[in-house]
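2 protein chains.
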Amino acid sequence: MTKETDIKITEVALRDGSHAISHQYTVEQVTAAAKALDDARVPYIEVAHGDGLGGSSLQYGFSKTDEFKLIEAAVSATDFSKIAVLLLPGIGTIEDLKEAAALGANMARVATHVTEADVSEQHLQTAKELGMETVGFLMMSHMVSAEKLVEQAKLMESYGADTVYVVDSAGAFLPHQVKERIKALREALSVNIGFHGHNNLSLAMGNTLAAIEEGATRIDGSIRCLGAGAGNTQTEVLIGVLDRMEIETGIDLYKIMDVAEDIIAPILQKPQEIDRDSLTLGYAGVYSSFLLHANRAAEKFSVESRDILIELGKREIIGGQEDMIIDVAAELAETNKTSV
Amino acid sequence: MTKETDIKITEVALRDGSHAISHQYTVEQVTAAAKALDDARVPYIEVAHGDGLGGSSLQYGFSKTDEFKLIEAAVSATDFSKIAVLLLPGIGTIEDLKEAAALGANMARVATHVTEADVSEQHLQTAKELGMETVGFLMMSHMVSAEKLVEQAKLMESYGADTVYVVDSAGAFLPHQVKERIKALREALSVNIGFHGHNNLSLAMGNTLAAIEEGATRIDGSIRCLGAGAGNTQTEVLIGVLDRMEIETGIDLYKIMDVAEDIIAPILQKPQEIDRDSLTLGYAGVYSSFLLHANRAAEKFSVESRDILIELGKREIIGGQEDMIIDVAAELAETNKTSV
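Residue numbers (the numbering used here), protein chains in the order written: chain A, 3 to 342; chain B, 3 to 342.
Some clues are possibly wrong.
Stated by the list, open to error - Derived DSS-like pairs (lysine-lysine); straight-line CA-CA distance at most 27 Å:
1. A:Lys185 x B:Lys185
2. A:Lys257 x B:Lys316
3. B:Lys10 x B:Lys257
As the list claims (entries may be wrong) - A short list of chain B residues far from chain A (calculated; beta carbon distances all over 10 Å):
4. Ile23
5. Ser204
6. Glu263
Stated by the list, open to error - Sample of chain B residues facing chain A (criterion: CB under 10 Å; computed from the structure):
7. Ala174
8. Leu191
9. Ala262
For the record, the hints were derived by calculation from the structure and aren't laboratory data. A quick note: this is a predicted structure, and the numbers were derived from the prediction, not measured. Just so it is clear, CB atoms sit at the ideal spot from N, CA and C, and this is done for glycine as well.
Whenever a hint applies, use it, and build me the whole structure from the sequences.
Structure below.
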């Protein structure tokens, strides 16, 4: 178990949480939240569209407010906390990164699919040149073995990532799987190891503790679980749990509880819970963005959306292969016809 | 890890969940839920007031429907599932137990504070004589050491309990603590070991997996987390997780997901989430029934309700000692005055 200090928390409600409120953050909300998080002494606050810089689009959903305005507001509202941005190469650009840095963001988290770390090289190097702290963010980490994960993480380390995150984008990991992966990374890397959990299987907290037990020291949380799918590891609860374990985060427990209750809860359109859809996504281990496509295909072919999603998980379909959803639905319809 | 079959689930939404809806279950709701749970092949369904047989009262909250009518309805609605009742000696009586058995309930769960197993003797023995399957239910198990827990569990075993449950009434356990306790019980007892979790620290699922890893084979869940505090281990999610781990429960995943979405979710007055109050209760490790008293005392003495609850946890105040709440509030007010 980690001693003394040194689990550093990144609060993602103002980025991942943007999914949960259809990217409708206002400058006023971000200012109020960032100020209160700063006062609670949260080390990093991530601010961006849910899909990272440049995410505001027809495909990913338009933001109500230009994300650079939100980043600027968060920078202005904070003294202690550092502002982080997420960037998915292909969605966000080097220019976006430079603009964020110019506004005062000082951590760049460069996210790729777990098998595509090589596309992060230029962005991580640029972030370094801009003087930013750098994070490599391996999304959908549950889709590969520990060995493959180590290989990809080492690429990010070689590009200059100060931290490499195991990202459970679909909320699909089980605690023993997290342990195995964090342990393997801890043995292979010199840089910090991070963990970003989702709660689709009600294991965000359990997995986070498993990660910490094996040596992860950078942890993502979202206040009131505000995030994609069933949301993330609930920050204020995590601070309470770590406090009970005498693991130091530097964050004030009462203040972070109050941010949750008084600032974030009122923003929520509906409380985060694990419903049939988010459970199915976690069980299948697929991106939450597949849900809408699967529901449409299910209706068209008169098959179960759940069957489609689970089959997509088995076939290891990833973002960008959404056209496979129709194929799978058609095949399931054909199988159902044959078996009647 | 447990092989093949043999995690037997008890669904508690129609008992512990009664807390979450102010004991307002109707015969129609219980009939619909029990029928659907039976169809999903849930082995045990617990039906009673949230505080067990006889709980309907000014002190614990009046039930909308006489609980024996609900038990009768559940028995009528089920073929496969067995109906369980909870009984806290001192609240429910031997006569209540006999009436439940006469109506067809065939599992008696006799619950005591973790240090008071001796009061369960007569009730467990009567349940046995009535031909019921018997469970000893050690509430607030987090308040004692593994050694003390073993001592109390052995008492219940000696009274004829077929299963002894570790009950995390306050949602205060951490996974390593659960492991230690289940392991100690597994080594000391011959009967089944059960685990009943609450989600106040977002660890109901993580703790449940920890318990299973150490040999617990009887697990409580509540559909859609419907239970006291932040609710329980979410049954339909647990079935998905265990299925992913190839641990057999005999429960149909799709059907249990559908019970959650189509029958239980519409009954909920508001979704279960971990708010400031439930987090405080789990962090402090005190009964959820203390909350209202603490809030009142906080207002009267102009102190923080959280400070009161945390102090009550430190002093290991238990149900029946509610008069201590005022004392603690007064002391905190005095301390605040002195320190100003």
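Going down the list of hints, with the structure as the test:
no.: 1; hint: A:Lys185 x B:Lys185; result: 24 Å, holds
no.: 2; hint: A:Lys257 x B:Lys316; result: 21 Å, holds
no.: 3; hint: B:Lys10 x B:Lys257; result: 17 Å, holds
no.: 4; hint: Ile23; result: 15 Å, holds
no.: 5; hint: Ser204; result: 4 Å, violated
no.: 6; hint: Glu263; result: 4 Å, violated
no.: 7; hint: Ala174; result: 8 Å, holds
no.: 8; hint: Leu191; result: 25 Å, violated
no.: 9; hint: Ala262; result: 7 Å, holds
The structure is inconsistent with the numbered hints 5, 6 and 8, although it conforms to all the rest.
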